[in-house]
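S.K.: Take the sequences, apply the hints, and build the full model.
Every letter in the sequence shown is one number past the one before it in my numbering, and letter 155, counting from 1, is 155.
Treat the hints with care, since some could be wrong.
Stated by the list, open to error - Pair ranges (Cβ atoms, derived): (1) GLN262 with VAL235: 18 to 28 Å; (2) GLU172 with LEU7: 26 to 36 Å; (3) VAL308 with GLY163: 17 to 27 Å; (4) SER220 with GLU394: 47 to 57 Å; (5) GLY79 with GLU172: 22 to 32 Å; (6) ILE272 with GLU246: 20 to 30 Å; (7) VAL212 with GLY402: 49 to 59 Å; (8) GLU301 with VAL126: 52 to 62 Å.
If you are wondering where the hints come from, they were derived from the structure by calculation, not from laboratory data.
Don't be surprised by glycine CBs; every beta carbon is placed ideally from N, CA and C.
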Amino acid sequence: MELDPLLLSRLQFAFVVSFHAIFPVFTIGLASYIALLHGLFYKTENPAWDRLALFWTKVFAVVFGMGVVSGIVMSFQFGTNWSNFAYATSNFLGPVLSYEVVTAFFLEAAFLGVLLFGRNKVPEGVHLFAAIMVAVGTFISSFWILSANSWMQTPAGYELIDGRFHITSWMEALFNPSFWYRFVHMGMASFLTGGFVVAGVSAWFLLRKRDVEANKKALSMCLWLLLILAPAQAVVGDFHGLNTLEHQPTKVAAMEGNWETQTNVPLLLFAIPDKESQTNHFEIGIPNLASLILTHHVDGEVPGLNAVPIEEQPPVIIVFWAFRVMVGIGLLMIAVALTGLFLRRKGRVYENPLFLKTLTVMIVSPFLAVLGGWIVTESGRAPWLVYGVMTHAEGLTPSLTGGMALFTLIGYIAVYSVVFLTGIYYLTRVVRNGMKELPAEVEGEVQRPKRPLSAAQTPFDDDLEGANP
Numbered sequence: 001m002e003l004d005p006l007l008l009s010r011l012q013f014a015f016v017v018s019f020h021a022i023f024p025v026f027t028i029g030l031a032s033y034i035a036l037l038h039g040l041f042y043k044t045e046n047p048a049w050d051r052l053a054l055f056w057t058k059v060f061a062v063v064f065g066m067g068v069v070s071g072i073v074m075s076f077q078f079g080t081n082w083s084n085f086a087y088a089t090s091n092f093l094g095p096v097l098s099y100e101v102v103t104a105f106f107l108e109a110a111f112l113g114v115l116l117f118g119r120n121k122v123p124e125g126v127h128l129f130a131a132i133m134v135a136v137g138t139f140i141s142s143f144w145i146l147s148a149n150s151w152m153q154t155p156a157g158y159e160l161i162d163g164r165f166h167i168t169s170w171m172e173a174l175f176n177p178s179f180w181y182r183f184v185h186m187g188m189a190s191f192l193t194g195g196f197v198v199a200g201v202s203a204w205f206l207l208r209k210r211d212v213e214a215n216k217k218a219l220s221m222c223l224w225l226l227l228i229l230a231p232a233q234a235v236v237g238d239f240h241g242l243n244t245l246e247h248q249p250t251k252v253a254a255m256e257g258n259w260e261t262q263t264n265v266p267l268l269l270f271a272i273p274d275k276e277s278q279t280n281h282f283e284i285g286i287p288n289l290a291s292l293i294l295t296h297h298v299d300g301e302v303p304g305l306n307a308v309p310i311e312e313q314p315p316v317i318i319v320f321w322a323f324r325v326m327v328g329i330g331l332l333m334i335a336v337a338l339t340g341l342f343l344r345r346k347g348r349v350y351e352n353p354l355f356l357k358t359l360t361v362m363i364v365s366p367f368l369a370v371l372g373g374w375i376v377t378e379s380g381r382a383p384w385l386v387y388g389v390m391t392h393a394e395g396l397t398p399s400l401t402g403g404m405a406l407f408t409l410i411g412y413i414a415v416y417s418v419v420f421l422t423g424i425y426y427l428t429r430v431v432r433n434g435m436k437e438l439p440a441e442v443e444g445e446v447q448r449p450k451r452p453l454s455a456a457q458t459p460f461d462d463d464l465e466g467a468n469p
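M.R.: Here's what the structure looks like:
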């Protein structure tokens, strides 16, 4: 069987991006939460806030490290697998990715060092400032990355000369038509991810009666956050969908499984799209609802996939079901947040075992929703690398062979498996140890980390080795 370098390169980049995306979407929300905890401790001097800040900073350290390791190779792939694309877009993507490193990554790395190792060594105000700067750095990083991705989705502010993109307006390119919708949508997804993880871990501790005071505070904060953000994300997603309908109608058609441009389009709850026959099998839908959601009119017209040639249609079944996974999880999040409000009013939010167990299970839900959203975004753009201008095939490295792409794909899978298992091991230890206070330093002796990720552990680890949670 002949190995297709284009297919393998797409699979390779999809694997790397999907693996990497789950880490920054968590650290963005968690960094802001840590900064808030430090601010509350600075103002109230309540040790519960300090214990929470210390615990979640250790979690952040592990996840941040996993994100850096898994993400750094993506820029290499532009040169190894997508050199034509890298050459054509270098006038835009080169500066943007450089700005991300200079303005965001350096800021995060510098102040993260103070946050991790400056505890009880720098004034509390400086420690708080470091936490705020780390949180700011995560948002600056997401600004540049999402601007670059949004430009590939809705390119603007450029002219194409001899196969290369030349920027005519940096403001139009950076703040392209889909940027703000994507930036707000992803930012809220980050807070939802952080909120559900913190709520789930806090619920896990409460089920085991560990540090009840601090975890009640953490859970209460998260439930209020989720109650606001989960419904708000649905509204933001609707605006994002309308923007996508305007600029990428084929993607929306794939999301809805709609083949013919028509009015009174039903919202399909279940279907098996068949790209070859240009139809759906086993449709189950709600009449007119897709038209109402997308056009705000029951008889609104929704574009069909057959408005473009079949070779310009995305992999419909992937986009169709990834979108439903994302939306379904979003509705589940809203239901959980409303349940939390109901139990809070009944005074049983901290004592209801079923609800607390549900929160622990929901830890994984935002990550699945984010992956579903990224699949919709990237697969729905196919076959375009730069929407409407450059295809995946045109951006591929000419000299790349299927064997080369397969070899590196296997290598990435092997290495990332080690990274993931190692990260899970350290995260498990951090959670198992819980919110333990660091012992006071011996006079005249300064404790320093001796190896990577040591800041994620406490001196109690050896004592707790093998202990039950």
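S.K.: Could you run down the list of hints and mark each one as holding or not?
M.R.: Hints and how they fare:
1. GLN262 with VAL235: 18 to 28 Å: For GLN262 and VAL235 the Cβ distance comes to about 27 Å; the hint holds.
2. GLU172 with LEU7: 26 to 36 Å: For GLU172 and LEU7 the Cβ distance comes to about 34 Å; the hint holds.
3. VAL308 with GLY163: 17 to 27 Å: 23 Å, holds
4. SER220 with GLU394: 47 to 57 Å: Given a distance of about 53 Å, which is inside 47 to 57 Å, the answer is holds.
5. GLY79 with GLU172: 22 to 32 Å: 27 Å, holds
6. ILE272 with GLU246: 20 to 30 Å: 28 Å, holds
7. VAL212 with GLY402: 49 to 59 Å: Roughly 57 Å apart at Cβ, these two residues keep to the hinted range, so it holds.
8. GLU301 with VAL126: 52 to 62 Å: Hint holds: Cβ distance 58 Å, inside 52 to 62 Å.
In the structure shown, no violation is registered for any of the earlier numbered hints.
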